[in-house]
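Student: For the record, the sequence lines run as chains Y and B.
Numbers 2 to 308, taken from this note's numbering, label the letters of the first sequence in order.
Numbers 46 to 403, taken from this note's numbering, label the letters of the second sequence in order.
No lab work stands behind these hints: they were computed from the structure.
Computed from a predicted structure; not experimentally measured.
It cannot be assumed that every hint is accurate.
Here are the simulated DSSO-like cross-link-like pairs (lysine-lysine), alpha carbons at most 30 Å apart as the crow flies [as the list claims (entries may be wrong)]:
| hint | chain 1 | residue 1 | chain 2 | residue 2 |
| --- | --- | --- | --- | --- |
| 1 | B | Lys196 | B | Lys71 |
| 2 | Y | Lys125 | B | Lys196 |
| 3 | Y | Lys119 | B | Lys152 |
Here are a few chain Y residues that face chain B, going by a calculated C-beta distance under 10 Å [what the hints assert, rightly or not]:
| hint | residue |
| --- | --- |
| 4 | Pro121 |
| 5 | Thr122 |
| 6 | Gly185 |
| 7 | Val215 |
| 8 | Met222 |
| 9 | Gln258 |
| 10 | Ala264 |
| 11 | Glu271 |
Virtual Cβ for every residue (Gly too), placed ideally from N, Cα, C.
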Amino acid sequence: MDLSSINPILLIASLMVSATPILLAALGELVVEKSGVLNLGVEGMMITGAICGFAIGVNTGSPVLGFMFAAICGALLSLAFGILTQYLLSNQVATGLGLTLVGLGLSSLIGKPYEGIKSPTLQKMEIPILSDLPIVGRMLFSHDPMVYFSIALVAVVWAVLKYTRAGLILRAVGESHDAAHALGYKVVRIRIMAILFGGACAGLAGAYISLVRVPQWTEGMTAGAGWIALAIVVFASWKPWRILIGAYLFGGVTVLQLNLQAAGAKVPVEVLSMSPYLITILVLVIISARGNHGAPAALGKIFHASR
Amino acid sequence: MKRRTLLASAAALTLAFGGAAFAEDKTKVGFVFVGPVGDGGWTYEHNKGRLAVEAHFGDKVETVFQESVPEGADSERVMTQMALSGADLIFTTSFGYMDPTINVAAKFPDVKFEHATGYKQADNVSVYSARFYEGRAIQGHIAGKMTKTNKIGYIASFPIPEVIRGINSAYIHAKKVNPDVEFSIIWAYTWFDPAKEADAAQALIEQGADVILQHTDSTAPQAAAEAAGNVVTFGQASDMAEFGPFPRVSSIIDDWAPYYIDRVQAVMDGTWTSTSTWDGIGAGMVAIGEISDAVPADVKAEALAMQDALADGSYHAFTGPINKQDGTVWLAEGETADDGTLAGMSFYVEGLTGEIPN
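Just chain B, same shape as in the assembly (with noise of 0.2 Å):
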C-alpha cells in the first residue's frame, strides 16, 4: 500500500517536472510479482532475475517491482501506475494477471509488456513460460521409483493449465516405473500461503503419502516432510537445497535471467516485437537442481538419462500411448503432444482420479 503511494507520487513527480530528458537515457523495466520476493520459491527466482537485469547493464536500467500483488483489478491498478510512472518494459509474472496485463497494455500502446505463463498476446504483449512440465516428469519418474506406500501427495494451487499438465507429467513418469502408484490432490487455491500448505503436507503425509511434489511457492511443505521423517520432496521454482540432501531430493529451478537481459536489450536496440516464447531444460530456462545421494544411483543415472533426452529433444514428456482420464485416445503410440494442447491442457490423463475443479 505504502508504496503504491510511493509509486503514485513518483509518477506525479515525474510528470511535474518533465522527467523525458531524465528518463530518456535509462530504460525502466517493472516487475509486478504474485507473492514477496523472499518466498524462497517462484517470486524469489524472478526477483532473481530482475536483480540480474540490473547487474548485467549497470547504470542504463532502472527496474521497479512491486511485490504481494493479488490477482485481478489490483495489479491492473500496479501496472498502469508503472505505466504512468515512465517504465519501457513491464513483466507480469502470474498466470492471473493475463487479462489485466492485456487491458493495460491496450491503454499504453507504448509500453511493452511481457506476461509469464499466459497465452493471450497483443502487439504489445509478449507471452513466456518454461516448460516445467519436463522438469515435472523426472520428479515423477523419482518420485515412483522412491515411493514405499505407492502414494504420492501433490500440493496443487490453481486448476489452470500450467498446474494440469505438471500432474500429468509426473503421474505419466511415476506409473511408467511404478504400476501401483496413487495420487492424491490437494487445490491449495493458493500460490502463496505457508500455514496453508503446511496444513496441506500434514494432510497428505498422514494419509499415507510418502512422497510430496508441490505447485506452491513456499518452502513450509519441505519442513512438513522433514518432520515427519521418512517423506521425501522436490524444490519448486527454486532449488530450495536447505531442505537437502532430504527429504529434497531435487528440484525443479526456474532461470529467468537469460530471457530478462534479452529482452531488456531488445527494448533498448529498439527491436522488441511480440513474442511466445517456451523453452524448456534444453534452453536452460527450466534447471534440475542437483539429485541428492537419497536417491539411489541407478534411479539417478536413469533421471539424468531422462535430462538429456529431454534437453536435447529427443524425448518428449508427452509421448503416447497417453489415454485421458475418461478412457478416450489422446496420443496414439509415439506421437507427440503439440503444443496448442498443452498450452490449453484442461484434462487428466487416464489413471488420475478425482476431477479437476472447474
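The shape of chain Y in the complex, shown without the other chains (with noise of 0.2 Å):
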C-alpha cells in the first residue's frame, strides 16, 4: 500500500467537484420541504436538467446559458408537480415518484441526437492572488464557478431563511398551513414558488454532471445522485450548512475510496464501495437517536383551504 501516491490536495479540489451536483439539488430539495412539500422527483428533475442543459450548451456553445436553460427546464418540470400537488391535491409521494419516472423517460427522448457528443464546459474560474497562493490555490481557488456559486447559495438560503421576513413566512407555511392561512398568507402559492426554486436547482445540478462533471450525455447519467440528496436534507435536519458538510461528506468518502483502491489499499473493495452509503446511515442513525429531527410538521400533507 503506498498511501503517499494520494494526494490530498487534488483529493479536496475533486471532492468538492463531486460534491457539488448532491449539494445543488439538496439544497433545492430543503427550501421545498421548508414550505411542506415532500418532492421526491429530484432525480427526474436533475437528469432533465442535464439533457437540457446540455442540448442548449452544445447548440449555442455557452455553458452559462445551458445552466440557465437548465434551472428553467427543472422549474417547469417541478410546476407539472406543483399545479398536480398543490391545486389538484395528488399525493406527493406517488407524483414526486412519477415525476422521477417521466424525468427520466423525458431526458432520453430529447438526449438520443445528442449522445456522443462534447459539450463545452466551463473555464475554471483563476481568481487573482488566491489562486496563486500554495496548496490553498489550487486545493480552494482554481475551480469553475459552479462550486462558488453552490457554496453562496448556502449562505443565501440560510440567511434568508433565518433572518428575512420571507424566510420566516415560508417556514411558517411549513410548520402549519392551516396557521399560515388563517394570518392571510397565500399558502399555495408560497409552495409552488418553493417547489419552483427547488426544481431549477435540480435543473442546475443536472447540468453540472453533464456539463462540467463527465462532462458529456449518456442516458441515466445521473445514477441515483438525486436520492442522495433526498437522503442529505435528512441527514442535514433541514439546515442549510449541513447539507454542506453532508454533500462534502458524501461526495469525500466517494472520491477517497476511489483514490484508496488506486492506491492498492489493503482493505477489502466492498467495504470501500459501500463506505459513503454506509457513513450516510451511520449519521442518519445517530441524528434519529437524538431525537428532534428537525422536520418542518406540515412535511408532506396536503393543504386544502376549507379542511
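Fit the two chains together into the complex; they arrive one by one in their own frames, and the hints show the way.
Tutor: As C-alpha cells, then:
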C-alpha cells in the first residue's frame, strides 16, 4: 500500500467537484421541504436539467446559457408537480415518484441526438492572488464558477430562511399551513414558488453533471444522485450549512474510496465501495437517536383551504 | 417501469385475442439490456446487433427489448414477461443474468435463450461471448509502449472471469514491452455509472496513471482523460471514435450482428440447438478500432502484427511461461491456456498487485 501517492490537495479539489451536484439538488429540496412539500422527483428533474442544459450548451456553445436553461427546465417540470399536488391535491409521494419516471423517460427522448457529442464546458476560474497561493490556491481557489455559486447559494438560503420575513413565512407555511392560511398567507402560492426553486436547483445540479463533471450526455447519467440528495436533506436535519457538510462528506468518501483503491489499500473493496452509503446511514441513525429531527411539521401534508 | 407494464398488457392482449395466428409467421426476438441503449458502449453494440437483425429479416421478425434491467430478480421478471408475450428467442446480454436466465428457461422449455458472457448452459440455453482478452492483449502492448509514468490505471467493473481475463491479458502484454509497468486497478462495481467512472478515472490520473483502460461501459473516462490532456485511453465495447485521435488511440469493438442473425435464422429454420460460442478477432466478433496517429508508427505496426497473429491463431494471448500471482507456475514455456481455465479465471498473473475482491 502506498498512501503517499494520494495527494490530499487534489483529493480535496476533486471532492468539491464531486459534491457540487448533490449539494445543489439537496439545497433546492431543503427549501421545498421547509415549505412543507415533499418532492421525491429530484432525480427526474436533475436528469431533465442535465439533458436540457447539455443540449443548449452544445447548440449555443455557451455553458452559461446551458445552465440557465437547465434551471428553467427543472423548474418547469417541478411546476407540473406543483400543479398536481397543490391545486389538484394529488398524493405528494406518488406524484414525486412519477415525476422521476417522467424525467428519466423525457431526458432519454430529448437526449437521443446528443449521444456521444462533446460539450463546451465551464472554464476554471482564475482568481487573482488567491489562485496563486501555494496549496490552498490549487485546493480551494481553482474551480469552475458553479462550485462557488453552490457555496454562495448555501449562504443565501441560510440567511433568507433565518433572517428575512420571506424565510419566516416560508417556514410558517411548512410548520402549520392552517395557521399560515389563517394569517392570510397564500399557502399554495408560496409552496409553488418553493417547488419552482427546488426544480431550478435540481436542474442546475443535473447540468453540472452533464456539462462539467462528466462532461457529456449519456442516458441515466445522474445514476441515483437525486436520491442521495434527498437523504442528505434528512441527514442535515433541514439546516443549510449541514447540507454543505453532508454533501462534502458524501462526495469526500466517494472520492477517497476510489483513491484508496487506486493506491492499493489493503481494505476489502466491498467495504470501500459501500462506505459512502454506510456513513450516510450511520449519521442518519445518530441524528434520529437524538430525537429532534427538525422536520417541518406539515411536511408531506396536503393543504386545502376549506378543510 | 412503464415499459414493463406495457409488456405485461401486451402479453395479456396476445393471450386474450389468441394471437397465435399473428405470432406464427413472425419470429419474435427479445433482448434484455443491462444499460441504456445510448450508453455508447456495451449495450449500444448489442442494440446495433438487434437493429441488424431487424434490417436483415425485415417483416419476418419482430424484436422487443428492455433496457437498464438490473441484474437479479428484476431481470427474471423481465424475461418471464418476454417469454409470456410470445418471444421465440431471448438474448440476455449481461453476466449477471446467468442464473435468472437458467431459472426462466426451465419454466419455458419451448423458448430459446441465449446468455452472453456466462458459462451455464441448458437444453434451451446457449451461451455466447467474445474473446475480448485478445483485444486487451493489443491494448496492453500499446499501453506499455505509450506510458511515460509506467503507471497504468484500470477501471474494472465486477470481479468476474471476463474482467479478470482482460486485466491479466493487458498486464502480460504491457509488461512484455515495458518491464517497469505497474497497474492500478479500481473496482467500480458497476457496468454503467458515468459520474462514478469519471471520478475513478480522475483518481487514477491524480495518482500518476497516464494510460487508462476501462471495462465499464460509458465514455466518461474518455472525457476525464481528455480534460487531463496527456492521458491515453482506449474505447471499450464500442469504438468511441469521437474521442480520437487522442486520448482514445484505439478500441475494442464488439460485433454481435452476424451472430444474432445466425441464431435468429436457426430458430426460423428449426435448427437451433444449445451451443457455446466463444469467438475472437479471427471470427470477427471482436474488432480492433483504428489505431490513431497518436501512436508511433512502429508501435502501430507491432500492434497490427499481433492482431493478425491472434486472428489466424498463430499466437495465443495467454502463452507461457506465465506464473500465477503467488508465483506458482500456470503455463510452462510455449504452453497456451485452455478455454476451461480461461472461462473460469479467478486469479491474477504474477506481477499484479492487490487482491481480487470476492
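Student: For a quick check of understanding: which of the numbered hints are violated here, in increasing order?
Tutor: 1, 3, 4 and 6
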